[in-house]
Amino acid sequence: MSAIELKQSRVIVIEDRGKQYSFTLARIAKKLWLRYFEGILSTSENQGGKRVDSFDSSAARLDLVEQSLVTASGYPLPDGKTSIEQLDGWKGMLPLSHRLGVANAIISVSASEPSDDDPISLGTESVYLDAVWSADEKGVMRKFKGLRHNFKSPTSEQQRRVSRDGSRSRVVGGSRNGKTQWLGAQATLAEIYDELIVSVEGYTVDGVEPDRDAIVEFMDTYHKVAAVDVLFAPAAPKVEEEQ
Amino acid sequence: MIDVWKDAEGVRMALEEIFESDFVRSRIREEGASPDTVERMERQVPPRTLAWGYYSFGEHLLHLDALQQAGIGVASADLAACEAEGLLALRRARSAFESRHPACSACGMRQQNRFSPACPGCGSKSLRKKE
Chain A
1 MSAIELKQSR VIVIEDRGKQ YSFTLARIAK KLWLRYFEGI LSTSENQGGK RVDSFDSSAA
61 RLDLVEQSLV TASGYPLPDG KTSIEQLDGW KGMLPLSHRL GVANAIISVS ASEPSDDDPI
121 SLGTESVYLD AVWSADEKGV MRKFKGLRHN FKSPTSEQQR RVSRDGSRSR VVGGSRNGKT
181 QWLGAQATLA EIYDELIVSV EGYTVDGVEP DRDAIVEFMD TYHKVAAVDV LFAPAAPKVE
241 EEQ
Chain B
1 MIDVWKDAEG VRMALEEIFE SDFVRSRIRE EGASPDTVER MERQVPPRTL AWGYYSFGEH
61 LLHLDALQQA GIGVASADLA ACEAEGLLAL RRARSAFESR HPACSACGMR QQNRFSPACP
121 GCGSKSLRKK E
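Protein sequences appear in the order of chains A and B. Heads up: the first sequence begins at 1 in my numbering, then just goes up one per residue. Heads up: the second sequence begins at 1 in my numbering, then just goes up one per residue.
If you're looking for bench data, these hints aren't it; they were derived computationally from the structure. Careful, some of the hints might be misleading.
Each computed BS3-like pair below joins lysine-lysine, with the alpha-carbon atoms no more than 30 Å apart [stated by the list, open to error]:
#, chain 1, residue 1, chain 2, residue 2
1, B, Lys6, A, Lys179
2, A, Lys30, A, Lys152
3, B, Lys6, A, Lys30
4, A, Lys152, A, Lys7
5, A, Lys91, A, Lys81
6, B, Lys6, A, Lys31
7, A, Lys7, A, Lys138
8, A, Lys50, B, Lys125
9, A, Lys31, A, Lys143
10, A, Lys7, A, Lys31
11, A, Lys31, A, Lys145
12, A, Lys19, A, Lys143
Output of the computed footprint for chain A on chain B, the stretches with three or more beta carbons under 8 Å from beta carbons of chain A [as the list claims (entries may be wrong)]:
#, region
13, 5-15
14, 38-49
15, 52-58
16, 71-80
Non-contacting residues of chain B with respect to chain A, defined by C-beta distances greater than 12 Å in every case (computed) [to be verified]:
#, residue
17, Phe23
18, Leu67
19, Arg91
20, Ala103
21, Met109
22, Asn113
Glycine residues also receive a C-beta, built at the ideal position from the N, C-alpha and C atoms.
If we strip away everything but chain A, and leave its shape as in the complex, we get (with noise of 0.2 Å):
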């Protein structure tokens, strides 16, 4: 089975038109990461009662490609040059609509259904992620699926620290009729992740299946994320309708 080789840069390619286009992105760091989920914009409004969401991530999206990407190919490059990186400002030269696509590549993480073979053991707690990372030589985006992070069982202080800072906001314009802007718990659920995880399968180091310490310096922050926060999701109980 393949795996995710963490050390490695991802390339994600997008097709436009019957076109291939190629972007190559730097290993993307816990500190970018940060950036990128203190750049979402998650509000509530109190309308007459009722609770009103709205998300919008994409400048915050448009920023982490922006801040990552190192290169691009299958663009036309005007006469005397080789290759789009001599062009000045050239990240903001490509399409807004490949940047936005480059970005929901590297966000495509979500939560897997575990197989029935996957055993339940005490003690340990286990996630499985289905997610999006490179092409391959050929240029063919593959989704890796039931990506798996075997974790400690989490303590009550832990549980404790991902509600109060799930609950974290501010409010702008008056306590009343002001809108609430969620600040995430994203920088303490990474955390949780380095404190708690104990292997991982589906991903590598070198090539070979990370250790622990590994695992905590080199795992993608938005997979240590979104694994974490499956691990606080809770479980859906069997329900049956009654005859």
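Mind docking chain B on chain A? Use the hints.
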């Protein structure tokens, strides 16, 4: 811009609203009324008047308080200052709620107000202390 964590008075007001709406909802459940009556009673649930962040932080404090009441205490060194202030705001909000809705001395049911002539739960008439 208001940092909700630091606005203890706003958090207290939100907690009072949470207590009041939970009280009305618990009465609706206890009534066992028809769907029409439930709908009518639902309209009595006071609307939320503050920005949503206050209720979210209030719910976190209620969870923290429930842990403490269950004996799962959080070491004071681990408690953020805003949580400590919030727990004090929670105590003030609960005290005001309990004063508005005293418990029946016979069955413990919370009353609609301080002047109920008899407890709707057990019929006890000894709710009011003689002044």
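- Enumerated hints in conflict with the structure, sorted upward: Of the numbered hints, 8, 18 do not hold.
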